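Each protein sequence line maps, in turn, to chains A and B.
Just so we're aligned, residue -3 is where the first sequence starts under this note's numbering, counting upward by one.
Just so we're aligned, residue -3 is where the second sequence starts under this note's numbering, counting upward by one.
By construction, these hints were calculated from the structure, which means they are not laboratory data.
Because the structure is a prediction, the values reported are computed rather than measured.
Keep in mind that a hint or two might mislead.
Copies of one chain are not kept apart here, so a pair can be met inside one copy or by any two copies together.
Claimed, not checked - Keeping only pairs whose Cα atoms sit at most 30 Å apart, straight-line, the calculated DSSO-like set for lysine-lysine is: (1) K17 x K54; (2) K432 x K54; (3) K318 x K15; (4) K239 x K225; (5) K483 x K14; (6) K483 x K346.
Number of protein chains: 2
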Amino acid sequence: MFSGHNYIGFTPGSQGEKKLKVFSTARQDFLPEDFSVATDDEIQVATEKAAAAFDVYKKIDSDQRAAFLETIAEEISNLGDKLIQRAILETGLTEARLTGERARTMNQLRMFANLLREGSWVEAVIDPAMPDRKPLPRADLRKMLLPIGPVVVFGASNFPFAFSTAGGDTASALAAGCPVIVKAHSSHLGTNELVATAIIAAAKKTGMPDGVFSFLIGEGGKLGQALAKHPAIKAIGFTGSYKAGMSLYKTATSERAVPIPVYAEMSSINPVLVLPEKIEASADAVAAQLSASITLGVGQFCTNPGLIFVIDQPITETFISKLSNQLAAVPEATMLNQTICKSYYTGRGKITHEKGVKTVFLGEDAGNSFKGSPGLFEVNAIDFISNNDLQNEIFGPASLVIRCSDQAQLIQALHSVHGQLTATVFGTPGDIRDYKDCVNILVEKCGRLVFNSVPTGVEVCHAMIHGGPFPATTDGRTTSVGAEAIKRFVRPVCFQDCPEDFLPDALKDSNPLGIMRKVDGVYVTATRFQEQEH
Amino acid sequence: MFSGHNYIGFTPGSQGEKKLKVFSTARQDFLPEDFSVATDDEIQVATEKAAAAFDVYKKIDSDQRAAFLETIAEEISNLGDKLIQRAILETGLTEARLTGERARTMNQLRMFANLLREGSWVEAVIDPAMPDRKPLPRADLRKMLLPIGPVVVFGASNFPFAFSTAGGDTASALAAGCPVIVKAHSSHLGTNELVATAIIAAAKKTGMPDGVFSFLIGEGGKLGQALAKHPAIKAIGFTGSYKAGMSLYKTATSERAVPIPVYAEMSSINPVLVLPEKIEASADAVAAQLSASITLGVGQFCTNPGLIFVIDQPITETFISKLSNQLAAVPEATMLNQTICKSYYTGRGKITHEKGVKTVFLGEDAGNSFKGSPGLFEVNAIDFISNNDLQNEIFGPASLVIRCSDQAQLIQALHSVHGQLTATVFGTPGDIRDYKDCVNILVEKCGRLVFNSVPTGVEVCHAMIHGGPFPATTDGRTTSVGAEAIKRFVRPVCFQDCPEDFLPDALKDSNPLGIMRKVDGVYVTATRFQEQEH
C-alpha cells in the first residue's frame, strides 16, 4: 500500500539507503513500512524541476489552476477510508476529527479555486496615460501581483491534512502560481504519501508541468536546511515549533545570498481574558467552554488557550475550581507522537517549579502509553510579569490561570504578553466597556480577537487571519489560513507603457477576465473602465 | 534661520555636545550652521513618545489623519523659497529639479490623504455569521489592516524632499496610523530641519499627539542602529546604500528579541534592453533618451540605467558611438555630497580594470570640484556573466553596455542579472514578439518594467511599484512609492463575534465610512451589504 518513495516531480525516487519508519502512538509501536530519505541528488533535481516548472506554471491561466486545485480535492476524496485509517494510526487523532479535517482541507482547495476564478485577488491597478498632463505627461502604469517562484512547505504534525502535504500553505502557493516542494512530516509519512500521490495524479490529469509539486522525506533539520538554502527556492511556509521555525528564519534571512520570506507559524499560547461580570453570570458555561477548548485534540492546537487572565473577586476561586473539575473529567488521550508527548510532560513538570506557580489540577502522567492528561496551574500577575518562562508554549492540554488584583495589574500583565495567533475575551457588554483598555492591548498582541467563544476552530474563509505578531509567526503581516494566505506567495510588478499584447490578461484594456480593478483610483468592473477610457 | 535642534516629539532638543556641519558641494565648503547630534537620552525619549503617541494616533479617524497630511503639504509650501535655496546649497541640485520635487512631495502627501478619505485601502473583509450552517455554525469574522506601530525612516541624500523627512516613507507611515521617527540625512540637515518644523507645525495645528513625529540627527550607523534595535520600533523604511541597508536588515532580523520588517531600497542598476529592430529604426532617439536618463540629476537616481544590453549587428557600433557622443556633450555637474562624488570616481575607475571592460567614453575627473562627468563602458556578455562585480552600483552618470552575440547569449546574460527596481525594453512590436523570452526574464528581475521610455521618473500614483527583488530592496513584496506604500506599515487583524460597539468603523454593520468591503467573498458598497444582511 505504501511505496515509501519521494516524488521528484512526477518521478518516484528512492535512491537513498537511509529509511524511516513511523512510530504510531496509537499502536505504541513502529509501523512496518519503510520510507526513503531523499538524497542530495534527489533534493537538487526536485529544486531544478520546480524552477523549470515555474516558467510554465506561472503562465497557466487561472481557470486551469483552479481545475488543478479542485482535482486535488477530488483525488483526496478518492483515497477514501484508507487515508483516514492511516491517519488515525499515524496521529492518534479520532476518525471524526480526521474526517472533518479532510473536508476542511478539500474545502480550502476549492476556496482557492473560487478565488482564482473570481480573479480580483491579483489587485490589478491601472493608471491610464495622461499624454497632455502639465508640466509632464503621465505614462500608462499598470500593476498586479505575480507569483514569487518555487515555495518549500513544511507540514505540521498536528494537522495531517489541513497543515500538511495538501494543506493551506500548499494550496495557497499553488493557487498563486508557485510550484511547491513539500518536506513531509516524519510523524505521518504514510498519510503524506497518499496525499502526495493525489496531488500528482491531479497535476497529471489537469496537464500541469512536471515539477509543479515534489515531495521529499528527510530527517530533522537536514533536508529542511538544504531546501531553505537553495537559490531556486523563493519562499518558505512552515508550521511547527519555535526552534525549528527560527532556524529556518535565520537561514533564510542571513545565510543565503538572496534572503527570502519565511512564513513560520511557531508558538502561541492564546491568552483568554475572563472579565468580572461574565464570570459572575456564567462561571459554569465559561469553565465548560474553556475546558473543552483546552483539551480539544489533546490540546494539540496552535490556538489552544494556554493563559487565562482573571481578576480576583469572590467568585474567582469557584470559577477556577469549576474549570479544574471540568478538566479532571476529561480522560487522557493519545498524543500525536513521542516527542510531543515527552515535551508536554516535561513542560508541565517544569512549570510547577516556577516561582509562585501553584498546581490546581494535574492529571496522571500517562506518557508511557503516549497519552496526555490535562493540567491546570495558577500564578499571580506579579510572578507572571517577572518570568518570561511562563510564556513558553506547553503543547498539550494544559493552561495557566493568571490572577490579577485589579484592572491596573491586569493591564500590566497583558502588556507583558508576547505576540499571539489569537486572544479571547469573555465579557458582557458592560465588561467590554469597563475593560476597553485591556481589550485594546489584546488587539495589539494578536492576529485574531475572539469574543465570548473559544479560539480553537479556525474557519477557512475570506476574513480569517491565522497569523500574528512574533513569536506567533515570523511575519505578522500575513495569514496562513483563509483567502489572504495567497498573498504570501506573490509580489507586485508594474508595467509601464506595455503593449497590450504583452500585458497579462488581468491588466489588458479589454479586461478579458472581467475582474474588479482599480482604475485611476476608483474600483471598477470591465464595463465601467471601457466606458471611461474608450 | 536654523536652530540645529533635534525634535523629540514637539520639544526641541540640543542636549548633546557633539555638533555636525553640512558640507556644501555647491559652495565647496562647510556651511556655517551647527546641528546637534541626538544624545542617548534624546533617542530614548523620542521612542517612548512615539510608543505613547501610537496609542492615541492609531485611533484618530481617517479624515483627521488626512487633514494632518494635507497640512504638512501646506506647511512645506509655506516654507517658500528659503526651503528651495537651502536645498540647492545642500544638494547641488538645480532649482527647477527641487521645485518639481517639492511639488511631488506635497502631491504625495495629498494622495495619501485622498486614499485615507476613500478608505478601502484597509481591505475590510466581512464573513457574516452562519448560525444554522451544518455540521458547524460559522462565527462572524471581520478583518482589516491596522497600523503596526512606531516606524523609523532614514532619509536619502538624493531626494531631499521626496525620499527624506516628509518623503514617501514618512507620508505612508503617518497615513497608515504609525508615528514616525526620522533619522535626518547628514548631507542636508538644514533642509531636513525646515521640513521637520513644517511637520511639527502641521501636527500641532491638526491636534495630533506629541510624539507622532520626531526628528533625530546622528552620525553614520550609530543613531540608526540604536533606533533599529529599540523594542518600541516596529518597522524601518530606508533608502540608501546596500551596505547601510543590509546593516539595518541584519540588525532587524537577527539582533532584536522581536524581529521587525525592514523596507530598504538599496541598490539597482536598472538593465535596459535595446532590441535589434528598434536600434535600426531609432538609434538616434534611443541614444538621446538614454543619455538624458543616465545623466539626469548627475546620474544620482536609484532608477538610473546602469546596464544596456544590445545584440551585435552592424548598427551596434554606431549606436554605441551615438550614445557616447551624446554623453560627451553633457557637462560635468555638482554631485550631492563628497562621499557620493568620491565613490563615483572610485567605482568608475575600478570598472575600467575589470576583465574585458573597454572604456567607450570617460569624462574628465572633476572630483576636486565635487562634480560628476559621464562615463560609458562596454563588455561582452561572457565577461559580464562571469563577473558579479560588474553589477556593483556606480552611483552617478555612468553606464555599461553589454554586447551579446545572439538571443541565446542575451538570455544567459539576463538570467545572471540581480534583482532590480526597474528594467526597460526598447523594442518594436516585432522585437517584443521575437524576444518575448528575454522580456519575460526581465519581469522576474524587477518591480517595474518600462517599454520604450526611460526608467528615471517615478510617478506617484496608484499603480506605481518602486520596489523589486533583492538586492534592489530587502522586501520585493512592497513598494516605497505610490498608494501601495501604505501597506508596508500595517498588519491584518480579525475580529470574531465582536460586539458592534467595539468594532472599528471600517468593520461595523452600518459601514459608517461608506467604503468598499468584501462581504462573503463579494466586493460590495454599504448599500449592498445592508440589503444583503439586514
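To see whether the hints hold, each was checked on the structure:
Neither within a single protomer nor between protomers do K17 and K54 lie at most 30 Å apart by alpha-carbon distance, with minima of 36 Å and 53 Å respectively. When the C-alpha separation of K432 and K54 is checked against a cutoff of 30 Å, the pair qualifies only between copies, where the shortest distance is 15 Å, while the shortest distance within a copy is 47 Å. In this assembly of identical chains, the alpha carbons of K318 and K15 never lie at most 30 Å apart, being 49 Å within a copy and 65 Å across copies at closest. For a Cα distance limit of 30 Å, the shortest separation of K239 from K225 qualifies both inside one copy, at 17 Å, and across copies, at 22 Å.
In this assembly of identical chains, the alpha carbons of K483 and K14 never lie at most 30 Å apart, being 37 Å within a copy and 47 Å across copies at closest. In the homo-oligomer, the alpha carbons of K483 and K346 never lie at most 30 Å apart, since the shortest distance is 39 Å inside one protomer and 42 Å across protomers.
Comparing the model with each earlier hint shows violations of hints 1, 3, 5, 6; every other hint is respected.
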